[in-house]
Amino acid sequence: MNTSVDLCGITLDNPVIPASGTFGYGCEFAELYDINILGTFSFKGTTREPRFGNPTPRIAECTAGMINAVGLQNPGVEKVITEELPKLKKVFHKPVMANVSGFSVEDYAHTCALLDKQEQVGWLEVNVSCPNVHGGGMSFGTSPEAAAEVTRAVKAVTKKPVIIKLSPNVTDIVSIAKACEEAGADGISLINTLLGMRIDLKTKRPVIANTMGGFSGPAIFPIALRMVYQTAKAVGIPVVGMGGVNNAEDVIEMMLAGASAVQVGAANLVDPFACKRIVEALPEAMEKYGISDLRSVIGAAVR
Amino acid sequence: MKQALLTIEENALIAPSVFRMRLSGDAGELRPGQFVNIRIDGLFLRRPISVCDHEDGVLTIIYKVVGKGTEALSRMGRGEKLDVLCGLGNGYDLTVPCSRPMLIGGGVGVPPLYYLAKALTAAGKDVSVVLGFNRAEEIFYEDEFKALGAKVAVTTADGSYGIRGFVTDALPENADYFYACGPEPMLKTLYKRTAVPGEMSFEERMGCGFGACMGCSCKTITGSKRICKEGPVLKKEELLW
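So the protein sequences, as listed, match chains A and B.
First residue of the first sequence? That's 1 in my numbering, and the numbers climb one at a time after it.
First residue of the second sequence? That's 1 in my numbering, and the numbers climb one at a time after it.
Only true hints are included.
Mimicking DSBU-like on lysine-lysine, the simulated pairs with C-alpha atoms at most 30 Å apart in a straight line are:
#, chain 1, residue 1, chain 2, residue 2
1, B, K188, B, K219
2, A, K276, B, K81
3, A, K89, B, K225
4, B, K235, A, K79
5, A, K90, A, K276
6, B, K2, B, K225
7, A, K202, B, K219
8, A, K87, B, K219
9, A, K159, A, K178
10, B, K225, A, K87
No lab work stands behind these hints, which were simulated from the structure alone.
Taking the hints into account, I'd like the entire structure generated from these sequences.
Quick look at the structure:
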């Protein structure tokens, strides 16, 4: 039973990757289980300067999911390098995926250039899809030109593989993914959260202080799967699938749609052992569906 | 933090819309002021509820039915099992050098103070408790606090029992520290009225409850803190009020 996969030239023991924003910088989960069982994980979205994020409430519950409007709270890239990565080094011995966000093309390049020098960083996952900040984040991921410009700027400052994380809040995901590929991206990850909102019937006001936020959880899985399928069909670079993944079967389904690796997000927040459970369940699920090598299912439903 | 499968031993109505649930099983070590996060069938997010007591392998929580989650919880019965993340948050600081602490609780802010009062009275401190409710029928745990040997004052907003007014109208004068839990307007008034140092427990909508999602962050004098991880208890001097 072989669960290993390749992601942009780096071998993962398995395709399971906790998604950015649901796993901090790893330490909270390292207290619960040995996080080295993971393929890797994508750390909390990091920006050039420290950010407090949005006012609270930042969280709203939905049927089969949740909305968050955290707004990229993080200590800033310098503290991530001087404090978080050294702490992580003690508990995690694999290359980590560095998730980066920004408010200008220069921001992205600056942050990526600093993270490029970090030995622990395996991949740069460039988030052009955060729905919770103004004047940055998602605005770069909703036009092919802007996404390509960020991709080129980041590629110019790093030798590490660059994965561009795309937003589902667009009319044509394929044209954006293709623009990133043409600009030199080594991979595409999707989907970030879907823009959503809730209103409190008692107060008659939006639940989220920022009015809208990103919807995630099992409810979005079919949408995510569809967009992974469309993207994988159109590009020649690896695709990392995510959105509502909650068990080993979901991982295999994402891979059938063309994902080379699979991220798990909201599930970590309600079940802190979700990724451990999924990693441990993979061999049994593979056996059930007659899969001896997980690589063989990547894109099997696309071809 | 510990994930535990706990068994409901009791789920009793003790005041209008207020239930006391007793849960047996290995919840690990729980400190006063900490909370647990309960998974409820059919709802995506867990529900954070403060620890009211923990003794002889029995965890007690007291909750008010305010929405779908607590309503579902209120319909559960003896013998049913709950998936609970235990031992969350920092809890109250029991190492503070004080001898006459006052414990100030409003409504469903009262429960965590019971476990705290138990620890403080056991440590030989002269504990005063002020419990605030809207009206007489909503009062719970007055006798339980008295049984611990604490001096107890009860206030009701409508004057139907005890002292008419709010907890801040009945603060003991000789206290040298305060511990509080209650609605934010109560905490703010307390913050203004008290000359002694103290600490208070806060509420916020949470995603995970264990520090992963940054959903419940707040600003303090010493930087941003997660209510679920560096909180829910914050010291008076770190508040930006």
